[in-house]
Amino acid sequence: MELTSTVFTAKAIYVGVIFAITLGVAAYSTYFERIFAAFFQDRVGPDRAGPFGILQPLADAVKMFMKEDFIPANSSKWLFILGPCLSMFTALMTSAVIPFGDTIDLGNGVKFDLQGIDVNIGILWVFGIVSLGVYGILVGGWASNNKYSLLGAIRAASQNISYELAMGLSIISILMMTGSLSTKAIVEAQQNGHWNILYQPVGFILFIICAFAECNRTPFDLPECETELIGGYHTEYSSMKLGFYLFAEYINMFVSGAVMATLYFGGYDYPFYETVVNSFGENVANLIGFGALIGKALFFVFVFMWVRWTLPRFRYDQLMNLGWTGLIPIAMFNVVWTGLIILLPAEFNLSSWASIGVAIAGIPVLIVGLFIYHSIAGGKKKKTALAR
Amino acid sequence: MLSEFGYILLFIITAIVFTAVILFVAKLLRPNRPNVEKLTTYESGEEPDGNANVRFNIRFYVIALLFVLFDLELVFLFPWATVFGNETLNNSTDGLWGWFAIVEMFIFVGILILGLAYAWIKGHLDWVRPEVQEPQFKSPVPISKYEAINKKYS
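In order, the protein sequence lines correspond to chains A and B.
Numbering-wise, the numbering used here puts 65 at position 65 of the first sequence, and it's gapless, one number per residue.
Heads up: take any position in the second sequence, counting from 1, add 1000, and you land on the numbering used here.
A few of these clues could be false.
What the hints assert, rightly or not - For each label pair, taking beta carbons as the anchor points, the in silico distance ranges come out as:
hint: 1; chain 1: B; residue 1: Val1075; chain 2: A; residue 2: Ser375; range: 27 to 37 Å
hint: 2; chain 1: B; residue 1: Val1075; chain 2: A; residue 2: Ser238; range: 34 to 44 Å
hint: 3; chain 1: B; residue 1: Trp1127; chain 2: A; residue 2: Val303; range: 20 to 30 Å
hint: 4; chain 1: B; residue 1: Ile1143; chain 2: A; residue 2: Ser76; range: 47 to 57 Å
hint: 5; chain 1: B; residue 1: Lys1038; chain 2: A; residue 2: Ala10; range: 44 to 54 Å
hint: 6; chain 1: B; residue 1: Trp1120; chain 2: A; residue 2: Trp306; range: 26 to 36 Å
I should point out that these hints are in silico values taken from the structure, not numbers from a laboratory.
All values derive from a computational prediction rather than experimental measurement.
Yeah, the Cβ is synthetic: ideal placement off N, Cα and C, and Gly gets one too.
Using the sequences and the hints, build the whole thing.
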């Protein structure tokens, strides 16, 4: 009983810490987003609240709390409140299954897992909660009873479900490599530098594109595209409810960065792990692993911001074409090629280097295939265009 | 002892409490002085024109239908992916299991790809775009003049 309550208390504290980390990172992503935006556009950025403006997120939070919040008379009141709550809720739930680190020895033989929940359906949990995330936007946009909101919400729903397919297919390639749905097992299969990015370069590119689309970030931010839709699904929102929507986006960015690190970049694995264990003990080594995962996730958050100021927004039909006729066929090709990556070296008793070779050979095959397709289909398109 | 799914409940409760508390605190802090103008629907500063539950592009429904089809495919692929590289199955069948599984899945995915190709060729994936109407107006200024200006200032 004593042991159970210790583990329970530790878990409860851990849940709080995970929430604090995700929220803190999300809050400071808003600050760094502005800093990076300022850097890319050669201006100063936030510099008034505190030294270098580092209190800006706090100032924003105070503003979110203090602003008046009105619910339009034509809207469905409860759904209007439910929308942002659902968005925030789903964003917070995803981090539960991410293995932030290996076990920590608490003394007295109590081992503590640096993972919220180690369920055997870990990646399905992420996938399912991310799919639920679209309800927050859809409910909020529909309940506003505003044409811009409705259009933004429908766009968001349509875009999310389209990119979910390619995302699911790229996750399936990972599952084929590991043979388990547990995020912990996926990370443990990648220890000692056998990161999945080496075996799944195409899958990673697919996954990162779909992550951008699922987070509604530029170049896929059509649901809130200002030039066409005012504010998109959150046109009618103000105060804390708007804050929930914006915050959920930043939490999603951090969590998808952590998921990418978990699936493709070895999770909490880092080079020279053995050396650190020998000289400082396992606890220190595992805590550094925790830091390594956060570092990888933050790097992906940076990539999200970097892309935002590099690529312009898609047109809606281009977005749908990319999702359905680009990413899904490539993802299916990747699933089949992953089968070859696993089976061919096993058939001829080759080392893991052969798997990496087969994986990299997939890229030229894919490019040649796309080129052949383009020369057939692209020629047709040109002809029809000329005929008109 | 809570099972792992018990901790999921802990997570869910914490998340719900967190959102509820934040909304409640915000409600206590913020002013609330609504008036008719504030409560109207925003429509670029104009008087709102009717309800927002209007008709929208039919393609969204088609995309949703196609999504259901392919999501079901994904559901079938998940259990397949977990047993595909299974060592015991592979060893007991002398490596034949993997090839059998991949050929089987190739047939399954192939049929679905045919479905996607059908929808693609039939044009269900092409977005309906507004037809650009060519202006009937004939300008008295010849086009070559405009081109000369463009050339000069480009």
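Cross-check of the supplied hints:
1. Val1075/B - Ser375/A: 27 to 37 Å: The hinted range 27 to 37 Å holds for Val1075/B and Ser375/A, with Cβ atoms some 36 Å apart.
2. Val1075/B - Ser238/A: 34 to 44 Å: 40 Å, holds
3. Trp1127/B - Val303/A: 20 to 30 Å: Given a distance of about 29 Å, which is inside 20 to 30 Å, the answer is holds.
4. Ile1143/B - Ser76/A: 47 to 57 Å: Taking Cβ atoms as reference, Ile1143/B and Ser76/A lie about 54 Å apart, which means the hint holds.
5. Lys1038/B - Ala10/A: 44 to 54 Å: 48 Å, holds
6. Trp1120/B - Trp306/A: 26 to 36 Å: 33 Å, holds
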